[in-house]
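**Student:** Here is how the chains run, residue by residue.
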Amino acid sequence: MAEPALSIRGLTKVYGNGFHALKGIDLDVEQGDFFALLGPNGAGKSTTLGVVCSLVQKTAGRVSIFGIDIDRDFARAKYHLGVVPQEFNFNQFEKVIDIVLAQAGYYGMPRREALPRAEQLLKDLGLWDKRSGSARMLSGGMKRRLMIARALMHRPKLLILDEPTAGVDIELRRSMWEYMRRINREEGTTIILTTHYLEEAESLCRNVAIINRGEIVRNTSVRELLAELDTETFLLDLARPVEQAPHVEGFEVHRVEGAQLAVVVHRGQRLNDVFAALGEQGIEVVSMRNRANRLEEMFVSMVEQGNGVQRELDTVEVNK
Amino acid sequence: MSPVQIAIALWTLVLKEIKRFTRIWPQTLLPPSITMAMYFIIFGSLIGPRIGEMDGFSYMDFIVPGLIMMAVITNSYSNVASSFFSNKFQRSVEEMMVSPMPNWVILAGFVLGGMARGLGVGAIVTLVSLFFTRINVAHPLLTLGVVVLTAALFSIGGFINALLADKFDDVSIVPTFVLTPLTYLGGVFYSISLLPTFWQNVSLLNPILYMVNVFRHGFLGISDIPVGWALTAIFAFIIVLFAIALWMLERGKGIRS
Chain A
0 MAEPALSIRG LTKVYGNGFH ALKGIDLDVE QGDFFALLGP NGAGKSTTLG VVCSLVQKTA
60 GRVSIFGIDI DRDFARAKYH LGVVPQEFNF NQFEKVIDIV LAQAGYYGMP RREALPRAEQ
120 LLKDLGLWDK RSGSARMLSG GMKRRLMIAR ALMHRPKLLI LDEPTAGVDI ELRRSMWEYM
180 RRINREEGTT IILTTHYLEE AESLCRNVAI INRGEIVRNT SVRELLAELD TETFLLDLAR
240 PVEQAPHVEG FEVHRVEGAQ LAVVVHRGQR LNDVFAALGE QGIEVVSMRN RANRLEEMFV
300 SMVEQGNGVQ RELDTVEVNK
Chain B
0 MSPVQIAIAL WTLVLKEIKR FTRIWPQTLL PPSITMAMYF IIFGSLIGPR IGEMDGFSYM
60 DFIVPGLIMM AVITNSYSNV ASSFFSNKFQ RSVEEMMVSP MPNWVILAGF VLGGMARGLG
120 VGAIVTLVSL FFTRINVAHP LLTLGVVVLT AALFSIGGFI NALLADKFDD VSIVPTFVLT
180 PLTYLGGVFY SISLLPTFWQ NVSLLNPILY MVNVFRHGFL GISDIPVGWA LTAIFAFIIV
240 LFAIALWMLE RGKGIRS
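First to last, the sequence lines map onto chains A and B. Residue 274 in numbering that gives the first Met the number 0 is what sits at position 275 of the first sequence, and the numbering runs on without skipping anything. Residue 196 in numbering that gives the first Met the number 0 is what sits at position 197 of the second sequence, and the numbering runs on without skipping anything.
The following block holds chain B by itself, in its conformation from the complex:
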């Protein structure tokens, strides 16, 4: 395919993905907004004042970046996992497989679609948070960069999950039993400096901790871990997972007999 044809194919796929999650907005955009509003009300407004300050900021200000990141992670992941698995299940993935579209375009199309939803929900959650606090962004470029990279990383993760999944249960196992616990334990609601040394070291094995902390650093200018190191780790994860997903796609894993 020529570069123009590739651009048309990629745009077609991205647009289709965006149309999909906006068509079913009561399932995709509304629930995370309501859930996050609840977090802001309960943890930020009601319990937060009793907790006091966290790393020198009000508890509400401390949790806003973490909650935005949590919304981005779960929505990027679940969008690609459920959309690509639905394509497999309904066999509409064959539409793409019989076309001359290169596999990397198929992968990029779904990943960009997942990022669009993750970032869209992130933007909605940010708007909701404005009802509860004033947001000051210390490092805007870093904040934007890390949220885009995180959305990309978890979209690729969702794609791999969908390729490996044989039934709908398989696309809910990872978000429920892996992503949610890692996100909750990834410093969304607390600073790891509150933990005993042993659990601080265990927390450092959690990749989501790095994303939440870099994002929080972008907002508040504070972080539990070195920002440069975290950014490098996110980049490395993206490259490795993209290569794995593309290799699986080339091999027809889960989609070709």
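Isolated chain A (complex conformation):
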């Protein structure tokens, strides 16, 4: 069996101020996967990726990239790794082309190879026309695409994207999704993504790990995770406004606006029963959609459960 693209065992990070950012996490990402690492702010996502990229020093544990232990040969492991960080981390005063060419140089790529590669990537990402301009003149979305182009210059087998579409408009986000799908599908690049847009993870990723308070609380496929979803909330747009939420036996119904209802449907319940009950009360439904994406509901519920348990533990500590 092929080595995992990324294997993490017992990864622990305690910062100088005593903050326990990672509490011995284990994680495997298979080759060719499109993997989401999800978690609320401060959960440990960026610390985990920071250790993998050598930007954060681990306290304990082992990390292997395509079977190469980073403690033994980090330089060789780094050849397989491309990184798109959360914040812009290039010299804003340099030219776009110089930024990507310099990155190729740091990997020892000769200029005769780097130039055509830079041209191809900048064209693919819509930046070729901007190549001679200073990076600070680019829009936020263009800067993000520049970081993707830079990370791909040396043809990494594992691409780490830390919130790659933060602050990017919807149209551009979709085109970036399509590009990421393409390099995952056609070039076989393993992609690990952290994002706050759970729709992004649901749409792009096959597998997911949820991290909270420095621990992996779930590691499974997106499909399995969604199958476990107990409830979904649907928004119903009505033909005419209603004064109050109608009573529908066995369902939780809320009035969102005059002509919109929110219906919570548990697993095993049938939407037809809702429509029938509303029809009997003379309420006509014009259209229907999910209130939020499903993964988001699951994510919020898991994180809230985790925090609840932690709050109880905190209370015990205080009462001692």
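Hints in this document: simulated from the structure, not taken from any laboratory. Errors might be hidden in some of the hints.
Stated by the list, open to error - Straight-line alpha carbon distances no greater than 27 Å define the calculated BS3-like cross-link-like pairs of lysine-lysine that follow:
1. B:Lys18 x A:Lys94
2. B:Lys18 x A:Lys142
3. A:Lys22 x B:Lys252
4. A:Lys94 x B:Lys166
5. A:Lys142 x B:Lys87
6. B:Lys87 x B:Lys166
7. B:Lys18 x A:Lys22
8. A:Lys129 x B:Lys166
9. B:Lys252 x A:Lys129
Said to hold, decoys possible - Listing some non-contacts, in silico: residues in chain B with all C-beta distances to chain A over 12 Å:
10. Val147
11. Ser192
12. Leu204
13. Ile254
C-beta atoms are modelled at their ideal positions from N, C-alpha and C, and glycine is treated no differently.
Model the placement of chain B on the given structure of chain A, informed by the hints.
**Tutor:** Just chain B, lined up with the frame of chain A:
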């Protein structure tokens, strides 16, 4: 990385550094040239003739090597200090850290970049001095050797300063409060033989005195201190500071959390 890949990485970094200071030449190359021209005019041409000879040479001839060395020291140091700190500040240092480039290549790249600026400014100041005096170099190889070593030493110093710095103020403290006084008191404008014995001995604790004097010896063939001893001291400082800078880089001091 293979030796060829290391050479490509190092050249990339050096070229990037040279591009940086040449792109902003009105901030990096022009001001020291103007400042030194002022020194030549005021101290060399106007006040110098009233001072008379210093160690058997005209005052202008005496101060030229010191002023060139002063330009090399301050520019080598400040180039690396400000460039590496900017990389830290803008987080573009991460580009290098995530790459397979060994730490010694990162250090050498910045040091060579700093040396390029220090020596470049030194060359400009030398050209400016030709408007005021004729330069005769008594020991060309020694002159070249000592100026290259001094540029390397202060570039490494600038790198350590940038690693330790948390804010922009931190990269200006050492040049302002340490380097400038030591340079002015390092025999640029006078021979320490003019000082009382006590202050002569105090001056011998100033490392910049040795560099200025060896450089002046290269130009004029005169020195206040033994040349061989001074060269050994510069070499030793380079090795020790390079080792410290590399150790700090390996530990991620100031750049890894």
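**Student:** Taking the closest pair, is the beta carbon of B:Ser192 still more than 12 Å from chain A?
**Tutor:** The assertion about B:Ser192 holds, with a minimum of 48 Å to chain A.
**Student:** Given the hinted pair B:Lys252 and A:Lys129, is their alpha-carbon gap at most 27 Å?
**Tutor:** Outside the cut-off at roughly 36 Å; violated.
**Student:** Would the pair A:Lys129 and B:Lys166 pass a check requiring their Cα atoms to be no farther apart than 27 Å?
**Tutor:** The given pair, whose Cα atoms are some 32 Å apart, is violated under the 27 Å limit.
**Student:** Against the 27 Å threshold, does the CA-CA distance of A:Lys142 and B:Lys87 hold or violate the hint?
**Tutor:** Holds, at roughly 19 Å.
**Student:** Would you check the hint for B:Lys18 and A:Lys142, treating anything up to 27 Å between C-alpha atoms as holding?
**Tutor:** With Cα atoms ~22 Å apart, B:Lys18 and A:Lys142 stay inside 27 Å; holds.
**Student:** Please check whether the beta-carbon of B:Leu204 is more than 12 Å away from every beta-carbon in chain A.
**Tutor:** 36 Å, holds
**Student:** Regarding the assertion that B:Ile254 does not contact chain A, is the least Cβ-Cβ distance greater than 12 Å?
**Tutor:** Contrary to the label, B:Ile254 does not stay out of reach of chain A, its closest Cβ about 8 Å off (not over 12 Å).
**Student:** Would the pair A:Lys22 and B:Lys252 pass a check requiring their Cα atoms to be no farther apart than 27 Å?
**Tutor:** 24 Å, holds
**Student:** Regarding the assertion that B:Val147 does not contact chain A, is the least Cβ-Cβ distance greater than 12 Å?
**Tutor:** 25 Å, holds
**Student:** Tell me if the straight-line CA distance from B:Lys18 to A:Lys22 falls inside 27 Å.
**Tutor:** Outside the cut-off at roughly 44 Å; violated.
**Student:** Check the hint pairing B:Lys87 with B:Lys166 against an upper bound of 27 Å on the C-alpha distance.
**Tutor:** 10 Å, holds
**Student:** Does the alpha-carbon distance linking B:Lys18 and A:Lys94 stay inside the 27 Å limit?
**Tutor:** 11 Å, holds
Violation of the numbered hints given earlier is confined to hints 7, 8, 9 and 13; the remaining hints are satisfied by the structure.
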